[in-house]
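Generate coordinates for the entire structure from the input sequences, incorporating the hints supplied.
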Amino acid sequence: MAIQTQEMMLNMGPQHPSTHGVIRFVVLTDGEVMSEALPDVGYLHRSIEKIGEICEYHGFMPYTDRADYLSAMNANQGYAMVVEKLTGIQVPKRAEYLRVIAGEFNRIISHLLSIGALAMDVGAATPFVHALKEREKVNDLMEALCGQRLTYNYVRIGGVCYDMPPGFSERCLSWLDSFEPQMEEFDRLVNDNKIFIERCANVGIISTEDAIAYNLVGPNLRASGVDWDLRRDMPYSIYPELDFQVHVGRGEKGTLGDSFDRFIVRVREIRESMKILRQCFAKIPEGEIVGKIPKVVKPPIGECYVRTESSRGDMGYYLISDGTAHAFRLRIRTGSFTGMSIIQKISRGMMIADLVTLIASLDVVAPEIDR
Amino acid sequence: MENLVTYIHDNYLYGAPVWLVGAIVQFVIALLLLMLFVAPFAGILSFLERRIAARIQDRIGPNRVGPQGLLQFLADGIKSLLKEDLIPRDADKPLFILAPYLVFLGMFTTFVALPFASKLVVADLNVGILYVFATSSLTVVGLVMAGWGSGSKWSMLGGMRSAAQVISYEIPAGLAALTVILLAGSLSMQTIIANQGAHPWQWYIFDNPFCTISFFILLISLTAEGNRAPFDLPEAESELVSGYNTEYSGMRFVFFFFAEWANLYVLGAIMTTLFLGGWQIPESLYKASAGMASWLPQIVQLVFFQVKTMVFVFLVIQLRWTVPRVRIDQLMALCWKYLVPIAFFCVIGTAAWMIILPDGSETVRYLLTALAGLTIVYYFYRVVYQLRVTRSELDFNPLV
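If you read the protein sequences in the order shown, they are chains G and S.
To convert, note that position 94 of the first sequence is 100 in the numbering used here; the numbers rise steadily by one, no gaps.
To convert, note that position 397 of the second sequence is 417 in the numbering used here; the numbers rise steadily by one, no gaps.
Treat the hints with care, as some may be off.
Stated by the list, open to error - Lysine-lysine pairs mimicking DSS-like chemistry, simulated, CA-CA at most 30 Å apart:
id : chain 1 : residue 1 : chain 2 : residue 2
1  : S       : K357      : G       : K200
2  : S       : K139      : S       : K307
3  : G       : K281      : G       : K143
4  : G       : K200      : G       : K298
5  : G       : K351      : S       : K139
6  : G       : K259      : G       : K91
7  : S       : K173      : G       : K259
8  : G       : K200      : G       : K91
9  : G       : K281      : G       : K99
As the list claims (entries may be wrong) - Residues from chain G that keep clear of chain S, each with C-beta distances beyond 10 Å, as calculated:
id : residue
10 : S41
11 : V47
12 : P68
13 : K99
14 : G129
15 : S175
16 : S243
17 : V252
18 : R277
Read the hints as simulated data drawn from the structure, not as lab findings.
Here the structure is a predicted model, which is why all the values come from computation and not from measurement.
Beta carbons are placed, not taken as given, at the ideal position from N, Cα and C, and that holds for glycine.
Now the structure itself:
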């Protein structure tokens, strides 16, 4: 009798500890090696874009928080920018600075969560807790700034809703000072760890061509060697006035575009964000925090697309206005969705443990995939 | 003791030979003592592990139930007892029920041969070390059973991983232990200890460089056999949900963890016995304590043994919370490509050493001891350095 074998179909998710939210993969495996992982998205679809057509422009701002709850400030800012651009609202300088301060803090904590989760997914629980500890401190700062810890709803069309509380910049600067040695400790615990490098280097290699073809954005794109950062290449807000570097993957521990590159690009971006924050606190001018805006925003008939560099990369808002107080069509373009789409191609012939590393290194956030 | 045996013989087992009754009574008493020792020990170890993990992660850890949270394990145990005993519909019921007991049995029976002091040992088997390795690998049967019997694909993957891992790592572990067996010329745990001295340079770890290498090989292999991080692949929670124990709940689940922590102790005990001189205490201390009470030397020996064992327990716990997990192919490569050849090399090296230098070399012993001392000093320097650089908010105070 001939022995017949067949591939085992594994259902990974929607409830699985390492799929970071409700993401599902149908994994076809032969023991530890899998032949394919098919991503199944849509578990978190909340019709945010449709809600954008029903709400008034001011009223939609809290929903943008939910589009990407790990970097809500950046999502806020993108939406505010698209409405301002279409309506022609001028934003005061101080408000722009406050947006960038909040946005960069948000980028730091989003990346912290991402690198911590990657470390946890390869089996080290401790870095994750240390990352979350620092994240809590930033959450405290954000709470002082806007009263919220996760979904900030801080940015308003035409400015921001609150000015800095007294002593805020001193608190922030002292946190930045204390955070630098923590990052060095994190480096020693993770970046220089032999096992961590073995687990991440040469795993989930995304070539430069693939990264462009699959439309990866943000740190994932830069890790594959594409030197592209919207903050520098299509500058918005006050980014032209700031001095910062854009880091790209160099394949230093393995191949260009592997999981370690995606990880190390995020670690370096945290350091750049810290540099930006110090400059912002040194340069921030006095003045208004919100411009002259009408009670009911009614952009003229037309359409507009605005791209911002969120924590997960290019976050675009496409807005069509029919001249009323409601948008005719609102579309949000996010990085996680394209990140998900490449997993099927990259995962062929991987081990199950590597799939987990790949998902974590792509930093896909479930609500951002589906919106 | 005799009175008790005579009493039982006369009242309950009249007709049975007296020596048999004596043996049974001894057996039961030894078992009860072991049970009383192992059960709270695993519990307290669970407390220790959680507390150490908390400190590594800049948290406080359990500190509510009892003084300093010491009774947390009792609360957890009672909670688990009260949980619903759930058996999945697709589970292979007999296997599912039997598996945790087999795991527990494999761990528990090793305690029989562990030499706690020169006279405190349940059975000084002449194949002691062989027995310990044999019974502790009995757990793998339980793990595979749990993986298969759960009727879940994640569990099965975990069970398969544990089978591959434990069986592979038996080989370097056995080979590494062989160096010590060569030196001692005996498999008996007591003889192995008796052949070593009380001072570090008299221990087998520093006997020759090959033994020092086998020490590390055995430590790695036993960590892997006990499914501890960085080799905790069978229960890798980020990949396999929870591996072989995914479907277990309540008391059955606790049994797995009980066995894991007991195994931690067995690991330390084996390492202590083979390489660190076991219960050996300096002659002067022996005489001083024997002068006070005849049983006191046994207690001092027990304390020495426990302290040495705890060093390993701490080391393995600290390792678990510091390093990431290796991948299954890397795990196998480490075993077959590195540990097995090096272990073979060490066995041959030790044999050659014994032929060339039948009495060993004092210089080498002192040199290796000094090196180990420097390593320990460096370790503490790093700890202090770490605390200073990161300005850790929880200071070094163990009582918070």
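Hints, verified against the model:
1. Straight-line distance between C-alpha atoms of K357 of chain S and K200 of chain G comes to about 17 Å, which keeps the hinted pair within the 30 Å bound.
2. For a cut-off of 30 Å, the pair hint linking K139 of chain S to K307 of chain S stands: about 16 Å separates their Cα positions.
3. This hinted pair checks out: K281 of chain G and K143 of chain G have alpha carbons roughly 18 Å apart, not beyond 30 Å.
4. Annotation: proposed proximity of K200 of chain G to K298 of chain G is violated, straight-line Cα distance about 56 Å (limit 30 Å).
5. Between K351 of chain G and K139 of chain S the CA atoms are separated by roughly 64 Å; this puts the pair beyond 30 Å, and the hint is violated.
6. For the suggested pair K259 of chain G and K91 of chain G, the alpha carbons sit about 43 Å apart, so the restraint of at most 30 Å is broken.
7. In summary, the hint linking K173 of chain S to K259 of chain G is not supported, as the alpha carbons are separated by about 34 Å, beyond the 30 Å threshold.
8. With a CA separation close to 49 Å, the supplied pair K200 of chain G and K91 of chain G exceeds the 30 Å bound.
9. Taking the CA atoms of K281 of chain G and K99 of chain G, the gap is about 19 Å. The hint holds against a cut of 30 Å.
10. Every CB of chain S lies more than 10 Å from the CB of S41 of chain G, the least distance being 15 Å, so the non-interface label holds.
11. Separation of V47 of chain G from chain S is adequate, the least Cβ-Cβ distance of about 21 Å exceeding the 10 Å criterion.
12. The claim that P68 of chain G is not at the interface with chain S holds, since no C-beta of that chain comes within 10 Å of its own (minimum 33 Å).
13. No Cβ of chain S approaches the Cβ of K99 of chain G within 10 Å, the least distance being about 36 Å, so the stated non-interface status holds.
14. Look at G129 of chain G: its CB is around 3 Å from the nearest CB on chain S, not clear of 10 Å, so calling it non-interface is violated.
15. Distance check for S175 of chain G against chain S: the nearest CB is about 21 Å away, which clears 10 Å, and the non-interface claim stands.
16. Listed as outside the interface, S243 of chain G is consistent with that label: its C-beta sits roughly 34 Å from the nearest C-beta of chain S, beyond the 10 Å cut-off.
17. The beta carbon of V252 of chain G is kept farther than 10 Å from every beta carbon of chain S, the shortest such distance being approximately 28 Å.
18. Even its closest Cβ contact with chain S, about 17 Å, leaves R277 of chain G beyond 10 Å, as expected for a residue assigned away from the interface.
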